[in-house]
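Chemist: Heads up: the sequence lines are chains A and B, in that order. FYI, the numbering for the first sequence is 1 to 252, going by our numbering. FYI, the numbering for the second sequence is 1 to 288, going by our numbering.
FYI, nobody ran anything at the bench for these hints, they're computed from the structure. Hints should not be assumed to be uniformly reliable.
Cross-link-like lysine to any residue pairs, in silico, SDA-like; alpha carbons within 20 Å at most [claimed, not checked]:
1. A/K167 with B/L220
2. B/K57 with A/F22
3. A/K167 with B/V203
4. A/K167 with B/L104
5. B/K202 with B/E212
6. A/K167 with B/F100
7. A/K200 with A/G145
8. A/K167 with B/H206
9. B/K202 with A/G145
10. B/K202 with A/F22
11. B/K157 with B/A268
12. B/K57 with A/R83
13. A/K167 with B/A217
14. A/K167 with B/G106
15. A/K167 with B/M113
16. A/K167 with B/E109
17. A/K167 with B/L143
18. B/K202 with A/E140
19. A/K167 with B/V101
20. B/K57 with B/M113
21. B/K157 with B/L147
Non-contacting residues of chain B with respect to chain A, defined by C-beta distances greater than 12 Å in every case (computed) [as the list claims (entries may be wrong)]:
22. A87
23. I197
24. V207
Since this is a predicted model, take the numbers as computed values, not measurements. Think of the CB as a built atom: it goes at the ideal place given N, C-alpha and C, for glycine as much as any other residue.
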Amino acid sequence: MGDIEKTVAGEATEGGLSRRQFITGVGGLGVGAVIGGLFVNGFALADDVLAIPASGGYLLIDQKKCAGCQSCMLACSLVHYGRENTALSRIQVTQNPFGKFPDDMVLDQCRQCPYPSCVDACPTGAMHADPETGARMVDEGKCVGCERCVNACPFTPSRVQWNHEDKHAQKCDLCLESPYWSRDGGPDGTRACEAVCPMKAITFTKEIPIQSDAGYEVNLRNSHWGHLGYPTDNAGRVVSTGSTGSAASASH
Amino acid sequence: MRGRATFGVAIALAFSLALAYAVRYAAVEGSELLFDSATWILWLAPFAGMAAAAATKRRDPVVEGDRVLRHDDAAILEHWTHGIGTAVLLVSGIALGVWFVPALVGSGEPVWMWMNVHFVAAALFLFGTFYYCANTVLALKRLREHLPTRDAVDFTKRHYGLLLGFKKFSFPPERKYFESEKVAYLLALSATALIVITGLFKVAAHVFDLPEGLMGAMTLTHDVATVAMLFFLLAHVFFAAVLPASWPMFRSMFTGYVSLDHARHEHAGWLAELGFQETGSHEKSAEK
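Looking at chain A on its own, in the form it has when it is part of the complex (with noise of 0.2 Å):
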């Protein structure tokens, strides 16, 4: 038989264990040691409690103000992929041709919500909380693309995106982590679609804002705003005695 052996398959060895019985052995602990550990899982052990820290601070959007430029949104993917591409960008804003303000355009951003379904959705632990700011992020490398935190977002558009170029879900980290972006973001930075927002209609708070399905109402219309003869309070008139608000009072 030329290279074939003469002896019985795994039992050529000299004395001690031979490799069928160790064959035997590993598969047969390692069969036991999975069942085991999957009744020792699911009877012995508490269900995971999901636990976040609140995030450090929230975008906040004065839809009445925004002009639909689109700035915010070449910025948020240059200073995240260091190109400009809208279809990256995190933050969204949609136009609708045939509606009327304030309903001809939205600009959607993610809320970093206190209890982030995104996050709890994630089978991976891609989808965090950063443990020094709360700014929920994504963890690229750690992405499996099954995409649950895209179908956990409870609004619409989500806000978490699917970056069909690399591949991994992608989100607002409120420019935490912006590599092509010489300044410092985060909740303690400055963030890129607020910075570069022409018409202020973008700013942050570190105070919690209340959820509600229509977003984070916020007027950031001021006296300059009246001047131009746009209306500055939500009931469409103009006031322009320095009276509306801004960031510190927006209202929910």
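Given chain A, put chain B in place with the hints provided.
Modeler: For chain B alone, kept in the frame of chain A given last:
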């Protein structure tokens, strides 16, 4: 033969039912991914493969009248579990996006469905791979007969030169596996090892908090190995199933046997190793 067919149909049926369940499960409101809810199956599969190998009694190739036993039942089982598992893994993996190729399916349910299909295929693939590995450890000659020899270049040149119509070549006395197959085997072995190791890290990420850098490297390696495996599988299917010259061999992956004439023509070196002589007498190989 009937027992093997029944066993094969039973496994195929079980695999099909598992796939159907995986597809249906993805559509259930609030259901988790199988990678999360049934991770233990992927840990169990390798050990089940090893335990099954330990309980398997192998038969060595032997000349039986006008036919030659080429693959025993265990070889057929490990080939098809590994092969079908690989094929479904490739299809589902490519659908989900591999390396620089974007995902071919939309968000939500289609992704979960293909991930669940990937899960079922991974379980079969792991079982088949570890069944093969354990069987190989039990009889290292099965590894040696797959490894290229110093005849690799000469035999491959003669073999395919003749196939392409160059009359100056004569068919080499190939052993059980063609030398060209043995070279391809190295690619398949490497790709399989990388896919299994990196894949198990990706499964472990569903249970443990693994570092982002490590997971990034694992995903990239998994994807590159997948592309290598895709090239191997396409070449393998062409040379081992599509090419008419390969049909007798393809048939043997179901029946276990090739005709003596076929072996005499294409595997003269193997017949010699089996002790076959043209007078008709031959030594039987050692029974396992």
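Chemist: Compare the structure with the hints numbered earlier in the document and write down the numbers of the violated ones, lowest to highest.
Modeler: Violated: hints 7, 10, 12, 17, 20, 24.
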